[in-house]
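A.B. asks: Sequence:
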Amino acid sequence: MTFDVLCVRGVGEAGDETMFPGLDGGGKVNQELLDGDSAQQLVARAIAVRDVGGGKARTVVEVREIRAEVVITDARVILLCSKYDKGGGWVGTPGTALMLNAVSKLRAARRSRGTALVGHIRYPWLISVGFSPKQSWLDEEVLRLVVRDGTADPSRLLVVDLNLPKETDSGAVARAIMLRAVRYRTTHETLTDDELAGFRQLAESPELARPQPKKFAVYAMPTSWQAKPATAYPRTV
Numbered sequence: 002m003t004f005d006v007l008c009v010r011g012v013g014e015a016g017d018e019t020m021f022p023g024l025d026g027g028g029k030v031n032q033e034l035l036d037g038d039s040a041q042q043l044v045a046r047a048i049a050v051r052d053v054g055g056g057k058a059r060t061v062v063e064v065r066e067i068r069a070e071v072v073i074t075d076a077r078v079i080l081l082c083s084k085y086d087k088g089g090g091w092v093g094t095p096g097t098a099l100m101l102n103a104v105s106k107l108r109a110a111r112r113s114r115g116t117a118l119v120g121h122i123r124y125p126w127l128i129s130v131g132f133s134p135k136q137s138w139l140d141e142e143v144l145r146l147v148v149r150d151g152t153a154d155p156s157r158l159l160v161v162d163l164n165l166p167k168e169t170d171s172g173a174v175a176r177a178i179m180l181r182a183v184r185y186r187t188t189h190e191t192l193t194d195d196e197l198a199g200f201r202q203l204a205e206s207p208e209l210a211r212p213q214p215k216k217f218a219v220y221a222m223p224t225s226w227q228a229k230p231a232t233a234y235p236r237t238v
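Mapped onto the numbering used here, the consecutive letters of the sequence shown carry residue numbers 2 to 238.
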């Protein structure tokens, strides 16, 4: 099994939700106890997932001109888009669900009815979270999440870029995710003294300075787990 971060799920479709979230009858992602009740909700106008394993970058999924829900919970970052094939373009691998360039948007809309493009990044999988703020009124804020796929090639890195509206502060969002990830890891895992010190130091670190144009400022997690079912939920050993 390969973890591509995003997949297409049917509303009410039964299945394992460790790697990809499921949808309830209303088309919303099923909540988990560890998500807590203080989620932060944002909107993304584009989502791109790139595989940078082996020193080469390959686009796994890219959707543009969309309105995707981004939900930051106490346990994960959730992505949800019910109109994923009505935007400005789709690129995807065959297993992701749609062929490149649908015959027409009308037929694509019919095909997608009752489904949504969904995914999540659980905090144990998070290698780093970064941001690239807009430089002019034409730019968008970009949030970047990096994970390591443990279900195929362990060296396979997946870079998830979310284009946020201009009025959203990507730096503040990146820091909020970092702080929630630190809280989750230090609460639900048994860490060594060095690991615990590293997480605490990260949480207490100052806000990152604004990066150079088109560059990213990055919060790097002291440790992370490979993305696979065995690491989806809290570990104590």
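Mixed in with the good hints there might be a few duds.
[To be verified] Okay, the calculated beta carbon distance ranges per label pair: (1) Asp17 - Glu63: 32 to 42 Å; (2) Gln202 - Gly28: 14 to 24 Å; (3) Asp140 - Glu208: 18 to 28 Å; (4) Asp38 - Ala173: 13 to 23 Å; (5) Gln202 - Lys57: 31 to 41 Å; (6) Gly27 - Thr224: 35 to 45 Å; (7) Glu208 - Pro166: 12 to 22 Å; (8) Glu14 - Asp38: 33 to 43 Å; (9) Thr152 - Thr60: 15 to 25 Å; (10) Ala153 - Leu209: 40 to 50 Å; (11) Ala204 - Arg68: 30 to 40 Å.
No lab work stands behind these hints, which were simulated from the structure alone. Idealized CB from N, CA, C, for every residue including glycine.
A.B. asks: Among all the numbered hints in the text so far, which are the ones the structure does not match?
C.D. replies: Going through the list in order, the structure violates hints 1, 2, 8, 10 and respects the others.
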